[in-house]
Amino acid sequence: MQFKYLNLIRETNPLVHCITNIVVANYTANGLLALGASPLMSANVAEMDEIPAFSQALLLNIGTLNGTDAEAMLAAGKRANQAGIPVVLDPVGVGATSYRKNVVNRLLSEVRFALIRGNAGEIAALAERDWQAKGVDAGSGAADMREAAKFVAQKYGCIVALSGETDWISDGARLVGVHNGTPLFPRITGSGCLLGAVCAAFLGVADKRDYFAACVEACTFYAAAGETAAETLLPTQTGTFSTALLDQLAAMTAQQAEEKARVSDE
Amino acid sequence: MQFKYLNLIRETNPLVHCITNIVVANYTANGLLALGASPLMSANVAEMDEIPAFSQALLLNIGTLNGTDAEAMLAAGKRANQAGIPVVLDPVGVGATSYRKNVVNRLLSEVRFALIRGNAGEIAALAERDWQAKGVDAGSGAADMREAAKFVAQKYGCIVALSGETDWISDGARLVGVHNGTPLFPRITGSGCLLGAVCAAFLGVADKRDYFAACVEACTFYAAAGETAAETLLPTQTGTFSTALLDQLAAMTAQQAEEKARVSDE
Amino acid sequence: MQFKYLNLIRETNPLVHCITNIVVANYTANGLLALGASPLMSANVAEMDEIPAFSQALLLNIGTLNGTDAEAMLAAGKRANQAGIPVVLDPVGVGATSYRKNVVNRLLSEVRFALIRGNAGEIAALAERDWQAKGVDAGSGAADMREAAKFVAQKYGCIVALSGETDWISDGARLVGVHNGTPLFPRITGSGCLLGAVCAAFLGVADKRDYFAACVEACTFYAAAGETAAETLLPTQTGTFSTALLDQLAAMTAQQAEEKARVSDE
Chain A
1 MQFKYLNLIR ETNPLVHCIT NIVVANYTAN GLLALGASPL MSANVAEMDE IPAFSQALLL
61 NIGTLNGTDA EAMLAAGKRA NQAGIPVVLD PVGVGATSYR KNVVNRLLSE VRFALIRGNA
121 GEIAALAERD WQAKGVDAGS GAADMREAAK FVAQKYGCIV ALSGETDWIS DGARLVGVHN
181 GTPLFPRITG SGCLLGAVCA AFLGVADKRD YFAACVEACT FYAAAGETAA ETLLPTQTGT
241 FSTALLDQLA AMTAQQAEEK ARVSDE
Chain B
1 MQFKYLNLIR ETNPLVHCIT NIVVANYTAN GLLALGASPL MSANVAEMDE IPAFSQALLL
61 NIGTLNGTDA EAMLAAGKRA NQAGIPVVLD PVGVGATSYR KNVVNRLLSE VRFALIRGNA
121 GEIAALAERD WQAKGVDAGS GAADMREAAK FVAQKYGCIV ALSGETDWIS DGARLVGVHN
181 GTPLFPRITG SGCLLGAVCA AFLGVADKRD YFAACVEACT FYAAAGETAA ETLLPTQTGT
241 FSTALLDQLA AMTAQQAEEK ARVSDE
Chain C
1 MQFKYLNLIR ETNPLVHCIT NIVVANYTAN GLLALGASPL MSANVAEMDE IPAFSQALLL
61 NIGTLNGTDA EAMLAAGKRA NQAGIPVVLD PVGVGATSYR KNVVNRLLSE VRFALIRGNA
121 GEIAALAERD WQAKGVDAGS GAADMREAAK FVAQKYGCIV ALSGETDWIS DGARLVGVHN
181 GTPLFPRITG SGCLLGAVCA AFLGVADKRD YFAACVEACT FYAAAGETAA ETLLPTQTGT
241 FSTALLDQLA AMTAQQAEEK ARVSDE
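In the order they appear, the protein sequences are chains A, B and C. Per full-length UniProt numbering: the first sequence = residues 1 to 266. Per full-length UniProt numbering: the second sequence = residues 1 to 266. Per full-length UniProt numbering: the third sequence = residues 1 to 266.
Heads up, some of the hints might be wrong.
If several chains are the same, the list does not tell them apart, and a pair holds so long as it fits within one copy or across any two.
With a straight-line cut-off of 20 Å between C-alpha atoms, the simulated DMTMM-like cross-links for lysine to aspartate or glutamate are [to be verified]: (1) K260 with E71; (2) K78 with E231; (3) K208 with E266; (4) K4 with E147; (5) K4 with D210; (6) K78 with E110; (7) K101 with E50; (8) K155 with D171; (9) K208 with D49; (10) K78 with E147; (11) K101 with D49; (12) K155 with D207.
It is worth saying that the hints were derived from the structure and are not from the lab.
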């Protein structure tokens, strides 16, 4: 595959407005800065009319919703739709509680998303298939992840990126598998959340008609960066991997990522 | 001593529901993942009825209480008691303000705790002894820490783990000292908070009648991991120690921890 | 230049009360601990009467204001003024939204600040000059940063530290340039926010009549620590730099910083 958007991010530093959870806010900001994008974190309802108007993308991550966060997400999402910038949904742990299901249902009915990014358990919950989800972690189950990604993409009319050992990306018609990665990804908190933000940055510099390619590029770049970061590490060096992943997000060139990419059209 | 629970955590990945402070949420989540447990962070009152029902342990850390956090803690604590899962209290800076004292008093009167984990200043504040506490840091004072741990354990009918150069663990009758550790622990934020979460994970896989042994194992494992992480570091490498501690929490085996353990029955 | 306050911080461990944003709370706490100060993070209105009374300095950082944070800042700021401890304002992204402008205006009219620390875009917004600010990042523009620092210092009757490739520090009459630093600073989140907290620690151990020298020392120490941390790193090692900066904040001696310092009286 050929990379189109990585260099554009590094040249134009798109501003990514993130309404994200308190666990990963710092790591997400550092990851976006390493990549070459600019993070802006605000969940204040009073700012939701202005910020999407000067941002290039919006990320809504429901990991630790509290107070007026859900309202802020709705307001920011609608405003981002008006402004024509891409909106990414990360439905963290959506299968875990009825509150999360309700918020996600409301977001999905009132905001147009360019992308939903989640793990197998979360995408399965959106597919309303039987899936053994365990809290906010990925869980494991019998459903076919490829089918789940495609089904949810059709159901909500957007792209779906299902993260796991293989990432499956579908727009309801096309289905692409990204086979890069490392078992260290699920050993650190926020590796999925950061991928959602990275996708937002790629979408933020892409043309609307090319959003699918931008998502595939984002997932491939991220998985290749993690794979490279892990190459010299033991499987237990989880702390070191956190740091090394940031370094790779900053260091990896488009050419290196292209050479590393193991992507399949299904 | 012989380790019973570390491998069980790594085999069963207990889900630890943490209501904790914004400063350490990320480090706590990464520490639990490194150890082999699964973190779930939520302080949303609307989720407090469901989450304890599918969690293996609950941690209540009052470090940056705000909004409806105290209500969420009360609701989650009561629900966890109903569900029969262990609840850990980390009374961060309880001696510092009357608000913290009031919240902790209410938690202690309405929720049954398996463990209170704190530093010398915090345990002394609960003992209502004279103790020179300084903000949320440990402070120093004349009171006998061993006596304070035992006294607070008797007063509240639970285990107390008092963290410091030596960790003192008491259930009101027994008293054990864990002499492992490193001066780098108090040089990073959240090293005590993470220990509280690690204790919750150990309690989450233990039988109720064996909670005391599980706490001693948790404190010993954590102190030994920190000691090992610090072995090749200068006393000023505080940033590097943060990362190295996570690596050790993932790498250290039960056998290594047993060999390293310096534990005394008092 | 000769350092007066660094050793005093390490000897007396001043307690710095931080009301800061959720993105940098952890890094700020770790940075203050590395330096030798003690962080206390609380934005709970119910604690704002007590905490400033036993703190040595107060930091107000508006990066992710939400809920009752602005009220807490006003209450803490007024109480800190009563208690006679220095208050530092970090007006993160003040040019980005009208909400931030309003909060900052209210803070500036009701609280006496010892120091305002911001990047070029933020200080320019306070100067009400035309300046191309982009979200919460520094942006770039034509205005003279030295003049902006001096003008804002005069306008608000306090010290201003404008952070950038060169840091400009002015009390309205004097103007000092700190020429140390590294391009890695803006590649990690919270490097400016942490500097605000570091300045608060230096002010917390200084005599009121010597606040200007304390700010210059703080900015010089911080920039020199970053410069040293970056010396062996590639420009893309952003994650490693985060960690190395903490190590240097703990390791660098007054003598090393003095030798490294490139400070100009303008």
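Going down the list of hints, with the structure as the test:
1. For the identical chains of this complex, K260 and E71 are neighbours neither inside a copy (41 Å) nor across copies (50 Å), given an alpha-carbon limit of 20 Å.
2. Proximity of K78 to E231 under the C-alpha cut-off of 20 Å is found in neither arrangement, the shortest distances being 42 Å within a copy and 46 Å between copies.
3. Taking the shortest Cα distances, K208 and E266 never come within 20 Å of each other, neither inside one copy (23 Å) nor across copies (51 Å).
4. Taking the shortest alpha-carbon separations for K4 and E147, neither the intra-copy value of 28 Å nor the inter-copy value of 42 Å comes in at or below 20 Å.
5. Taking identical chains as interchangeable, the C-alpha atoms of K4 and D210 lie at most 20 Å apart only when both belong to the same chain, with a minimum of 10 Å there against 54 Å between chains.
6. Proximity of K78 to E110 under the C-alpha cut-off of 20 Å is restricted to the intra-copy arrangement: shortest distance 7 Å within a copy versus 35 Å between copies.
7. In this assembly of identical chains, the alpha carbons of K101 and E50 lie at most 20 Å apart only when taken from different copies (13 Å versus 28 Å within one copy).
8. In the homo-oligomer, the alpha carbons of K155 and D171 lie at most 20 Å apart inside one protomer (10 Å), although the nearest pairing across protomers, at 55 Å, exceeds that limit.
9. For the homomeric pair K208 and D49, neither the shortest alpha-carbon distance inside one copy (22 Å) nor that between copies (42 Å) is at most 20 Å.
10. For the identical chains of this complex, K78 and E147 are neighbours neither inside a copy (29 Å) nor across copies (41 Å), given an alpha-carbon limit of 20 Å.
11. Taking the shortest Cα distances, K101 and D49 sit within 20 Å of each other only across copies (15 Å), while inside one copy they are farther apart (25 Å).
12. For the homomeric pair K155 and D207, neither the shortest alpha-carbon distance inside one copy (23 Å) nor that between copies (45 Å) is at most 20 Å.
Going down the numbered hints, you'll see the structure goes against 1, 2, 3, 4, 9, 10, 12, while the others check out.
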